[in-house]
Amino acid sequence: MSEGARAKAKPVRPRAWSKLPIASVALSLISIATAILIGTVMMLAMRFDPLRAYAALWQGSFGNVIQISETLKTAVPLLLCGLGIAFSFQSGAFNIGAVGQMYLGALAAVIVGGQFPGLPPPLHIFLATLAAFVAGGLWALVPALLKILSGANEIISTILLNYVGIYLVDYMIAGPIKTGGHRDAPTSWPVLEGALYPRLIPHTQLHMGLYVALAAMILLFVVMHYTTLGQRVRIVGLNPVAARHAGIRSNRVFVLAFFISGSLAGLAGASEILGYQSRLISGFAPTTGYDAIAVALLGGFQPFIVGISALFFAGLQTGAVAMEAIAKLPAQLVGMIRVLAMLAVLAASSPRIVSLATRLRGGE
Amino acid sequence: MKSGKLLHTALIGAMAAIIVFGGATSAAAATAAKKFKVAMVTSGPTNDQGWNYDALRGIQLIRDKLGWEIAYSENVAVAQQVNVLRQYAQQGYDLVFAHGYEWGDSLVAVAKDFPNVMFAQINSTTQGVNIVGTSFKYGELGYFTGMAAGQMTKNNKIGVVAAQDAPQVTADTDTMKTGALSVNPKADVKVSFVGSWDDMVKGQQVVQAQIDRGVDILIIMGNAFTPPAIKLAKAKGIKVIAGWTIEAYPLAPDTIITSGIQDIPSVYLGVAQQYQDGKLKGNTTNVYGWKEKAQFLGKWGDFVPQKVKDTVQKAIARYLAGTLDIVGK
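Going down the list, the protein sequences come from chains Z and E.
Going letter by letter, the first sequence gives residues 1 to 364 in my numbering.
Going letter by letter, the second sequence gives residues 365 to 693 in my numbering.
If you are wondering where the hints come from, they were derived from the structure by calculation, not from laboratory data.
Virtual Cβ for every residue (Gly too), placed ideally from N, Cα, C.
One or more of the hints may lead you astray.
[As the list claims (entries may be wrong)] Far from chain Z, some chain E residues (derived; all Cβ distances over 12 Å):
| # | residue |
| --- | --- |
| 1 | Pro549 |
| 2 | Ile602 |
| 3 | Glu611 |
| 4 | Gly646 |
| 5 | Asn647 |
| 6 | Lys663 |
[To be verified] If you want the footprint, here are the derived chain Z segments under chain E, 3+ residues with CB under 8 Å:
| # | segment |
| --- | --- |
| 7 | 65-78 |
| 8 | 230-244 |
| 9 | 267-279 |
| 10 | 284-293 |
Please construct the entire structure, taking both the sequences and the accompanying hints into account.
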């Protein structure tokens, strides 16, 4: 049956930016310029210096090696979660549960990473990371199985499971894996030295998780474009009924897509804890899993574009901090400017704009 | 296909530009005027009328009393902690406050790279050459609230509802007993723990258990569970001492005897004053108490007899004069 499917399905080309005309790039630039303009008006109205603010935004995100490292560090979990979401969305599995899956991954990483002293560091790192991978994947299997067995809507069940994951972490760090000694708020035991990811650049927090994320990005690209699994995932995503007629077991693909998606989010959790946080506290990454949905959408579900999109989101996050510290903008205004920039890029990459750009070039 | 390549080239070009221009802009670091500058960072919103709001009031106090320039960042995610601390250090801030224990690891990481910047962490004992921790002088509030409770009780049964069985809490609950016994040898002080600063349901249960024991005075040392606990006590006609950290009088003027107040803004001012005087040293935990006006009793309830207030005030005066030992073995 798989042979038949392979023969029939024409290689589905990614409807991606690689096909886009130069006009759409121009359109993106125009929309970003619009966002900057609106931000400028807002800042002027509130009596802040926009030039200083945007200079700070740039300096804080890509201004020097240290800030670039900071941005890359922030991009790692966004990329890992974003890749997972891109993969599941392509198969039609709407996994909104990256938050919970990431929390479970972090929990597994801190449990394994904080135990077993005396393991050789590379092995310890590998085991803690693997535990996070498996934990995130298994957590994602719950909504997948609920959907298949009882038809429960996976959007709702993944959102609900996010809360379960968050509360589970809160429970674990307040009891079973609580650190000794006094702290004002519950904290898990620390990750042992040997299980921490090596740092890539001195005086920064950029860690080995970057390589993990980049490897995942390349691997996912290969899986999506050069394997039967990737092809099946897309066919199931486009039309599950047709996929079934083509002999694809769509349930199996659905479950697998969920597992991979969850395990990538689990890796994101591991990279946060083993990479630089070194212990688990309540609310260690409350919005990353949701931000990553926007990262995946903006990236058009294409691994490499998702990578650029994660870098863009991360740059806005680290740069926003500098807008507060250097240009003294209030946090709320910074938040608005940040979201405006995201909206602008999202608008520029929306299907209608893309097709308009195609027509401008003379149709296709 | 062709435009795809173009896009690709453009992206690589952009990346290269980032790296090249990046080095150039970083050189333009700011060196500001002689005026002292203080920055503060919190994990939560500064409009919470509580813990984080106190931090904002703290630096505002520094601005108003010492004339420093202030800046702050609120709602900082764990992932951005190091980034935001470094931003302020790079901007030439003299003193950077981190509001809470959760900043410890990030402070240690950043402080090493900025030996000329002083970092202060509230409620912590994090160590570093240019890191100073602060804490309250635990035990003071316990003694004097205990004295008030010991005099106010009619059946000699006093209940203490505390958050956590942790040193900073038990220092106060221990002196509550000595304080109460100093004025009332028959006082029976029982302490029970909620296990959290905020668990309102558990807080109600623990308060109810104390009420069932027949107490007529409750001392409540919590955060979010305090207001509902006061309400419950009020319904049973039990008088309450609260605080830790805020003034509780407005919550129930006819129930609150007094409040044990820990004033965070005074700690901020104290640290900044020491810095300005050149007396702030790293690798220490500065303790702020009654003498520094960082701990004190709040407004007394109207029903509290003058005699009770006088006894406590006299004891405080003796304590400040150094003739009263409140820890008393």
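Kindly indicate which numbered hints from before are broken by the structure, ordering the numbers from low to high.
Per hint list: single violation, 8.
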